[in-house]
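*Asks:* Sequence:
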Amino acid sequence: MYKSLSSITILSLWFLASCTNPFQSTIPVTPVVPPMTIATGIVTPPAPVVTVLTPFVARGTEPFWALEQTATGARFSQPSMTTTTETWYTSIETIVGATISIVGTPVATGSALSATLTPGSCSDGMSDIVYTYTAVIILGTGTLSGCAN
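So for the sequence shown, my numbering puts the first residue at 122; every next one is plus one.
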């Protein structure tokens with residue numbers, strides 16, 4: 122009898138071990154990670170910062186000024202009756218949609234610069250050139266408006 126109980130026990134254990142749970146999925150499940158949250162809500166990631174700068178030239182009249190950005194930095198110049206002020210900037214560019222925003226830190230002396238180029242037809246009022254962006258430049262000395270390509 123002991124031998125037969127042992128066989129039944131072994132068969133029972135084998136049977137239980139070979140059974141699978143019909144409710145268990147064999148499809149791999151990827152855990153869902155919730156977005157980062159803070160007490161006030163969902164944190165929105167910042168807009169991407171472009172590492173290669175968009176070359177452009179922005180110009181304005183009354184007073185005359187120019188902002189030229191190359192692939193590595195920007196140069197602002199403003200001629201007066203006797204001299205031309207020129208400042209080189211290290212630029213950080215952000216593009217949201219088609220609007221280009223630039224924050225410039227002067228390489229040597231000068232005030233910080235902020236520029237916003239917004240898509241739209243623009244005329245400088247002195248030539249027949251039709252520019253593709255309107256430009257607003259903010260310096261420590263004030264705000265300048267103009268056009269850019």
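Calculated directly from the structure, the hints in this document are not laboratory data. Cβ coordinates follow ideal geometry from the N, Cα and C atoms, glycine included. Hints may contain errors.
Said to hold, decoys possible - Cβ pair distances, simulated, as ranges: (1) 219 <-> 250: 33 to 43 Å; (2) 227 <-> 257: 30 to 40 Å; (3) 213 <-> 249: 15 to 25 Å; (4) 217 <-> 176: 26 to 36 Å; (5) 229 <-> 251: 13 to 23 Å; (6) 202 <-> 173: 17 to 27 Å; (7) 203 <-> 173: 36 to 46 Å; (8) 200 <-> 250: 14 to 24 Å; (9) 198 <-> 248: 13 to 23 Å; (10) 229 <-> 249: 15 to 25 Å; (11) 253 <-> 203: 31 to 41 Å; (12) 242 <-> 202: 29 to 39 Å; (13) 207 <-> 259: 14 to 24 Å; (14) 184 <-> 270: 12 to 22 Å.
*Asks:* Hint compliance check: list the failing hint numbers for this structure, sorted ascending.
*Replies:* 1, 2, 3, 4, 5, 6, 10
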